[in-house]
Amino acid sequence: MGVGIEVSNLNAWYGTNHTLQDINLNIPANHATALIGPSGCGKSTFVRCLNRMHETNPIARVTGSVRIGDLDIYADAKPVEIRRRVGMVFQRPNPFPTMSIYDNVAAGLKLNGFSNRRELDEIVEKSLKNSALWDEVKDDLKKKSGASLSGGQQQRLCIARALAVDPEVLLMDEPASALDPVSTSKIEDLIFQLKSQYTIVIVTHNMQQAARVAEKTGFFLNGRMVEFDSTHKIFTNPSDKRTEDYITGRFG
Amino acid sequence: MTRIRFQQSLEDLKENLLVMAGLAEQAIQRAIEAYRVRDLSICDLVNRSEIAINRMERDIDQAALDLLAMEQPMAIDLRFILSVIKINADLERVGDSAKSISDRVRSMELLAVADLPVDIPRMANLAADMVRKSLQSFIEGDAELARGVLTMDDAVDAMNRAAYKSLTKVMEEQSHLAAQALNALMICRSLERVADHATNIAEDVIFWVQGTDVRHHKSIAKAEAKSQVV
Amino acid sequence: MGTEFKMRASIRALTDYLATGAAVLSTILVVTPLIAIFVYLLIRGIGSLNLDFFTKVPAPVGETGGGMANAIVGSAVLLGMSSIIGIPIGIGAGIYLAEFGRGTRIANAIRFTADVLNGVPSIVMGLAAFSLVVVPQGHFSALAGGIALGIMMVPTVCRSSEEMLLMVPHAVREAALGLGVPNWRSVLSITVRTASPGIITGCMLAFARVAGETAPLLFTALGNQFWSTNLNQPIAALPLQIYVYALSPYDDWHRLAWAGALVLIVLIVLAVSLVRYVTSRGVLKGAS
Numbered sequence: 574m575g576v577g578i579e580v581s582n583l584n585a586w587y588g589t590n591h592t593l594q595d596i597n598l599n600i601p602a603n604h605a606t607a608l609i610g611p612s613g614c615g616k617s618t619f620v621r622c623l624n625r626m627h628e629t630n631p632i633a634r635v636t637g638s639v640r641i642g643d644l645d646i647y648a649d650a651k652p653v654e655i656r657r658r659v660g661m662v663f664q665r666p667n668p669f670p671t672m673s674i675y676d677n678v679a680a681g682l683k684l685n686g687f688s689n690r691r692e693l694d695e696i697v698e699k700s701l702k703n704s705a706l707w708d709e710v711k712d713d714l715k716k717k718s719g720a721s722l723s724g725g726q727q728q729r730l731c732i733a734r735a736l737a738v739d740p741e742v743l744l745m746d747e748p749a750s751a752l753d754p755v756s757t758s759k760i761e762d763l764i765f766q767l768k769s770q771y772t773i774v775i776v777t778h779n780m781q782q783a784a785r786v787a788e789k790t791g792f793f794l795n796g797r798m799v800e801f802d803s804t805h806k807i808f809t810n811p812s813d814k815r816t817e818d819y820i821t822g823r824f825g
Numbered sequence: 002m003t004r005i006r007f008q009q010s011l012e013d014l015k016e017n018l019l020v021m022a023g024l025a026e027q028a029i030q031r032a033i034e035a036y037r038v039r040d041l042s043i044c045d046l047v048n049r050s051e052i053a054i055n056r057m058e059r060d061i062d063q064a065a066l067d068l069l070a071m072e073q074p075m076a077i078d079l080r081f082i083l084s085v086i087k088i089n090a091d092l093e094r095v096g097d098s099a100k101s102i103s104d105r106v107r108s109m110e111l112l113a114v115a116d117l118p119v120d121i122p123r124m125a126n127l128a129a130d131m132v133r134k135s136l137q138s139f140i141e142g143d144a145e146l147a148r149g150v151l152t153m154d155d156a157v158d159a160m161n162r163a164a165y166k167s168l169t170k171v172m173e174e175q176s177h178l179a180a181q182a183l184n185a186l187m188i189c190r191s192l193e194r195v196a197d198h199a200t201n202i203a204e205d206v207i208f209w210v211q212g213t214d215v216r217h218h219k220s221i222a223k224a225e226a227k228s229q230v231v
Numbered sequence: 008m009g010t011e012f013k014m015r016a017s018i019r020a021l022t023d024y025l026a027t028g029a030a031v032l033s034t035i036l037v038v039t040p041l042i043a044i045f046v047y048l049l050i051r052g053i054g055s056l057n058l059d060f061f062t063k064v065p066a067p068v069g070e071t072g073g074g075m076a077n078a079i080v081g082s083a084v085l086l087g088m089s090s091i092i093g094i095p096i097g098i099g100a101g102i103y104l105a106e107f108g109r110g111t112r113i114a115n116a117i118r119f120t121a122d123v124l125n126g127v128p129s130i131v132m133g134l135a136a137f138s139l140v141v142v143p144q145g146h147f148s149a150l151a152g153g154i155a156l157g158i159m160m161v162p163t164v165c166r167s168s169e170e171m172l173l174m175v176p177h178a179v180r181e182a183a184l185g186l187g188v189p190n191w192r193s194v195l196s197i198t199v200r201t202a203s204p205g206i207i208t209g210c211m212l213a214f215a216r217v218a219g220e221t222a223p224l225l226f227t228a229l230g231n232q233f234w235s236t237n238l239n240q241p242i243a244a245l246p247l248q249i250y251v252y253a254l255s256p257y258d259d260w261h262r263l264a265w266a267g268a269l270v271l272i273v274l275i276v277l278a279v280s281l282v283r284y285v286t287s288r289g290v291l292k293g294a295s
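As they're listed, the protein sequences go chains A, B and C. When you read off a place in the first sequence, starting at 1, and then add 573, the result is the number in my numbering. When you read off a place in the second sequence, starting at 1, and then add 1, the result is the number in my numbering. When you read off a place in the third sequence, starting at 1, and then add 7, the result is the number in my numbering.
The set of hints was computed from the structure by calculation and includes no laboratory data. Yeah, the Cβ is synthetic: ideal placement off N, Cα and C, and Gly gets one too. It cannot be assumed that every hint is accurate.
[Stated by the list, open to error] Restraint-style ranges between C-beta atoms, simulated for each label pair:
{"hint": "1", "chain 1": "C", "residue 1": "L277", "chain 2": "A", "residue 2": "E709", "range": "40 to 50 Å"}
{"hint": "2", "chain 1": "A", "residue 1": "G577", "chain 2": "C", "residue 2": "F107", "range": "29 to 39 Å"}
{"hint": "3", "chain 1": "A", "residue 1": "E698", "chain 2": "C", "residue 2": "P95", "range": "32 to 42 Å"}
[Unchecked claim] Here are the simulated BS3-like cross-link-like pairs (lysine-lysine), alpha carbons at most 27 Å apart as the crow flies:
{"hint": "4", "chain 1": "B", "residue 1": "K15", "chain 2": "A", "residue 2": "K806"}
{"hint": "5", "chain 1": "A", "residue 1": "K711", "chain 2": "A", "residue 2": "K699"}
{"hint": "6", "chain 1": "B", "residue 1": "K87", "chain 2": "A", "residue 2": "K814"}
Based on the provided sequences and hints, a complete structural model is requested.
The structure is reproduced here in C-alpha cells:
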C-alpha cells in the first residue's frame, strides 16, 4: 500500500543555484500526482529530493523536511534505506546492459543480499505481470539481455525492476517522453492500475498525459510551486494566471 | 506571445459567431417589424435571414470541432470554445423563433385585424433587448452584464403567463377572434423562447469568463429544497 | 552559379579520393612492418623449432641442441607474478579514480604519478626494483623480476580501467543507486561489471607489453641456465634469453634466439586470444 508524502519548506541548492524555493505540499497516498512546468523549473530536482537522489551530486544541498508516511527521510534515515521504499523510473530506459531480463528485475533484491531462488522467481514473475511485460518476455527471461528489448519494453522492464523491491512510492521522471504513442498509452494504463497499490509521482512535459493519469497536479515555475490542486481544476479553471498562461501555451 | 495562429483562430471564431449573432438579432427585429406593420415582404426577409443563420451554424460548429481536435485547448480557451458551440445553437434557435413569428404574421394576414389585450411589441422589445445585452456581454467578456440579463427573464415569463391568461379568455368569450388569439399566443410563446435563449447565452458567457456553471440554479435549488423537506 | 557548384563538387570528390587513399596508404605502412617482422621471424626461426626447444634447457657452451624450456616456464612464472601484483592494484586505482576520488587532489596526484610511471624507461624500473628488492635481499630473484614487471603494468591497467569506467553511462549508475543499492556495491556489481570488457582489454595490453620486456629483468631476475621455479632464485625469461643468445658469438645460440623470438610473439598472441575467447563467452553473455 502507498503512503502520503508531506513536504515542508523544502529548499534545494546546486552549489549557489537556489533551485527550489519554499516548497510545501501534500501528496496523497494511492493517487497519481503530476508535476508540470517549463524546462528548468525545478520539478525534476524536486522529485529527486523525494528519494534523496539529488545527493549523488556532490554540490547538492537541501533544507526543510520531507515526510514519507511517518518517516522524516532526511532526519531519520539513510539514503540507501529511503531508496528501497521510494522507487524511481527515469526518463530514458536504463536496464542493466550486462544482465538478462530476469537478473534485471531481480537486481534490486539480489544486490541487497536476497538470494532465495524460489521467492525470487515469484517476485520476478509478479513484477513483470504488474508492469504488463510478462506475456512478452516470459519465455526469454534468462536468455535475452535487458538491452535487447524495444524502448517501450525496456521502460516497462525498468518499472518491473523498481516494483520488485516493493516500494511504497513510485517516482517517475518523464517516463514516456522517449517513447512512441503506443508505448506511452501502455505506460499510462499501467500507472492507472498501479495507483491503487502505490503512491505515484510523475513529472511530465506532456500536459495531456498529466490530465489523463493524475488526480492532482502541481505547477512549478522558477523553483517555486505556483499552484497545486485537482487536475480537473488546473486544466479547466486554474486559480493562478501564471498556471493558465503555461497550460494555454501563452508563455512570453 | 506564443501560439499566435491559435489566438488568431479563436479571434476568427468569435468574429464569425458575432456575424451570426447579428443575423439573428436582425431576424428578430424584422419579425417584430413584420408584426407591427403586417408587411409580408418583410416576412420574406426573415426567412432569408434564417437560412443564412442555419448555414453559419454548421460552419461555426465545424470550426470549433477543428480547434478542439487540433489545438488541445485548455482552461479558458476550452471554456470559450465550448461556450461558442452552445451560443451557436442558441442563436440558431433564435433564428427559428424569428421564422415562427413571421409564419404567424403570414397566417394573421388572412384574418381580420383584431384588438387583443396583449402588448406584443413591448414583450418583443424586451426579448430583443435581452438578446442584444447577452451578445454585448459576449463581445466584452462581461460576466456582470450577463448576470443582468438573467434577471430580465422573469419579466418576460410574467408577461407570457399574463398573455396566456388573457388570450385564453378571449378564445373562450369571443370565439370569432379565436384564430387571431391563437396566433398571438404562439407569437408570445416564440418571444418567451427568444428570451430563454438570451438567458442561455448569458449563462454560457458566465461559464466562459468565470468558469462557473449557473444554469438551472433555480430549479435545482427548488428540487433540493423539496427533497430536504421530505 | 551552376558550373561553380559542379566545380566545387568535383573538387570535393577529388579530395575524398585523396583522403581515402592517404588513409589506406597509412594503414599499409603500419601493417607492413608488422607482417614483415612476423614473416622474417618465421623464416629465421622455424627451422630451429623442434621438440627439444620446448623441453630442454640450454646446452652448455660449445654443445649443440638444447632448448628454451626453462625460459618459457620462467616467463610464465614472472608474468603470473606481475599480473597478480599489477592487475589488482591497477584496477583498484582505476576504480578509485573513476568512482570515488573524482575531482579530488589525491586523484589528480595519482593520475599524474601513473602517467609519469608510464614514461619511465624500463631499465630505470629494473634499477628501482634492484635497489628495493635485490639489495636488501642480497641476491637476484624471480620475485624482484615479478615486482619490477608488476609495477610496470600498473599505470596501463589503471588508466585504461579509469577510462572504461568513466565510459559507463551515468544512467546505469543511477539505476543502481535508485534501487537503494549502496554505492560501493553499485560500483563493483554494476559499473565494473559493465566496463569489464574494456578493463580486460586494458589488462591484456599491459600483459602483452611486459611479456616482452627485457631491460627490467637484467638486474632483477637475472636469468638462469637451469630449471628453476624458486621465487627466491634467479629465473630464466624468454626475452632475456633471446637477448643473451643474440649478443653471443655462437651461431647455434643465434638460431635459438630466432626461434625464441618467434615463440615469444606466438605465445603472446595465443594468450591474448585465449583471454578474449574465454571472456566473450562468460561476462558478455547476451549483451549487445
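Verification of the hints:
Separated by about 44 Å at the C-beta atoms, C:L277 and A:E709 satisfy the suggested range of 40 to 50 Å. For the pair A:G577 and C:F107, the supplied restraint of 29 to 39 Å holds, since their beta-carbon distance comes to about 37 Å. Take A:E698 and C:P95: their Cβ atoms lie about 39 Å apart, and the range 32 to 42 Å holds. Straight-line distance between C-alpha atoms of B:K15 and A:K806 comes to about 25 Å, which keeps the hinted pair within the 27 Å bound.
Between A:K711 and A:K699, the direct Cα distance comes to roughly 11 Å. Compliance with the 27 Å bound is thereby established for this hinted pair. Simply put, B:K87 and A:K814 have alpha-carbon atoms about 26 Å apart, close enough for the 27 Å limit, and the pair holds.
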